[in-house]
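Asks: From first to last, the protein sequence lines are chains A and B. Using the numbering used here, the first residue of the first sequence is number 101, and each one after it goes up by one. Using the numbering used here, the first residue of the second sequence is number 3, and each one after it goes up by one.
Hints listed in this document are in silico derivations from the structure and should not be mistaken for laboratory results. Certain hints may be false.
[Said to hold, decoys possible] Ranges of calculated distance between the beta carbons of each label pair, as one might list FRET restraints: (1) A:175 to B:119: 54 to 60 angstroms; (2) A:225 to B:135: 29 to 35 angstroms; (3) A:171 to B:117: 52 to 58 angstroms; (4) A:194 to B:72: 32 to 38 angstroms; (5) B:37 to A:246: 44 to 50 angstroms.
Heads up, the beta-carbon is just placed ideally off N, CA and C, and yes, glycines get one too.
One letter stands for each residue in the lines below.
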Amino acid sequence: MTLLETYKLLHVLAAIVWVGGGILTLVFTWRALGTDREHRLGLARDTEFLANRVFAPAAMVALLFGILMVLEVDAYEFTDTWIVIGFTGLVLSTILGMAYYPPQSKRLITEITEIDPKAEGRLATIAKVSTIDMGILVVVVWAMVAKPGL
Amino acid sequence: MFETLKLIHVLAAIIWVGGSIMAQLFALRLTAAAPAHRLGFARDLRFAASRIFVPSAIVLLGAGIWMVADSPGFAFGDPFVVIGLVAVGGSLATAIGYLIPNIGRAIELMTSGRGPEAGAVIRKVALAARAVIVILLVAVWAMVVKPGG
Numbered sequence: 101m102t103l104l105e106t107y108k109l110l111h112v113l114a115a116i117v118w119v120g121g122g123i124l125t126l127v128f129t130w131r132a133l134g135t136d137r138e139h140r141l142g143l144a145r146d147t148e149f150l151a152n153r154v155f156a157p158a159a160m161v162a163l164l165f166g167i168l169m170v171l172e173v174d175a176y177e178f179t180d181t182w183i184v185i186g187f188t189g190l191v192l193s194t195i196l197g198m199a200y201y202p203p204q205s206k207r208l209i210t211e212i213t214e215i216d217p218k219a220e221g222r223l224a225t226i227a228k229v230s231t232i233d234m235g236i237l238v239v240v241v242w243a244m245v246a247k248p249g250l
Numbered sequence: 003m004f005e006t007l008k009l010i011h012v013l014a015a016i017i018w019v020g021g022s023i024m025a026q027l028f029a030l031r032l033t034a035a036a037p038a039h040r041l042g043f044a045r046d047l048r049f050a051a052s053r054i055f056v057p058s059a060i061v062l063l064g065a066g067i068w069m070v071a072d073s074p075g076f077a078f079g080d081p082f083v084v085i086g087l088v089a090v091g092g093s094l095a096t097a098i099g100y101l102i103p104n105i106g107r108a109i110e111l112m113t114s115g116r117g118p119e120a121g122a123v124i125r126k127v128a129l130a131a132r133a134v135i136v137i138l139l140v141a142v143w144a145m146v147v148k149p150g151g
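Given only the sequences and the hints, what does the whole structure look like? Please build it.
Replies: This is the structure in C-alpha cells:
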C-alpha cells in the first residue's frame, strides 16, 4: 500500500464510523421518541458516552487524513470547491458536536431521570438537529465522491 | 451515471458498515444495562438490521455490480471486485439467515422472562456480527486500495 492509499483508507474508515454511526444513532434517537422511559434513559446515556469517545475522534481522524491527502496530491488544492465543501461541512458538524449535543444530552438525561415532561420536546429537537447534521455530512460525502469543480 | 452509482454505493456502505460498527459499540454498553433498555435496544437493532442494513447491503451490491458492468476499466474477475462480492454476499447472507432471526429469538426470550437464555443468544449474535464487521472492513480495504485493479 502506498502512503496515499493508507491516508485514503484511514480517511474513509473514519468517515464510515462518523457518518454511518451518526445515521444509526439518529435512527435510534427517532425511535426513542415512542419508547419507555428506562430504554430512553439508557439510550441517552449510551449516546452521550459514545459520542464523546467515537464521533469526535473519528471526525478528527477524517480531517487529519483529508488534509494529509490534499498535501500529498499535487492536483488537489485547499481552494478546490469539493474540498471547501468538505471543510465547511466538517466544521459545521464539529461545532454542533462540541457546542450543541453535550449540554443538550446532559439536560435530556437529567429531565428523563427526574421524569420531567420537557424531555419529550428536547429529544424531538435533538432528533431534528441531528437530521440536519446528518444531511450536512451526506452533502460532504457527495462532494468527496463527485468532486465538483475538479 | 457512474458518479451517481458511486455515490449510492458509498452511502450504502457508510450506512451499513458504520452503522454495524456503532451497533457493536452500543451493544458493549449493555452488560450493565437495565432489562427494559436491553429489550428496547434489541428491538431497535432488529429494526435497524432488517429495515436499514439489509436494504443498504442490497443497494450497495446492486450499485456495485452496475458500476462494474458500466465501466470498461473494471471486470468481474478483478481481485478487488471478487473480494467485494464475496464479502458483501457472505455478510448479507449471514445477516438474513442468522443475525436477524436470532435477534428476534432473543427478543422473544426476553419478553417471556428468560433473560439468561436471551443473553446467551445475544452473545453468539454479537460474536457473529463482529466477524461480519471484520469481513466488511476487508471489503472496504479492497475497494479503497483495489488490489490487482
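Asks: Please check whether residue 225 of chain A and residue 135 of chain B have a Cβ separation lying inside 29 to 35 angstroms.
Replies: This hint holds: roughly 32 angstroms between Cβ atoms.
Asks: Go ahead and decide if the range 54 to 60 angstroms is satisfied by the Cβ distance of residue 175 of chain A to residue 119 of chain B.
Replies: Hint holds: Cβ distance 58 angstroms, inside 54 to 60 angstroms.
Asks: Take a look at whether the Cβ-Cβ distance between residue 37 of chain B and residue 246 of chain A falls inside 44 to 50 angstroms.
Replies: Taking Cβ atoms as reference, residue 37 of chain B and residue 246 of chain A lie about 47 angstroms apart, which means the hint holds.
Asks: The hint says 32 to 38 angstroms between residue 194 of chain A and residue 72 of chain B; measuring C-beta to C-beta, is that right?
Replies: Holds, at about 36 angstroms.
Asks: Return holds or violated for the Cβ distance of residue 171 of chain A and residue 117 of chain B against the range 52 to 58 angstroms.
Replies: holds (53 angstroms)
Every hint, counting from the list given before, is met by this structure.
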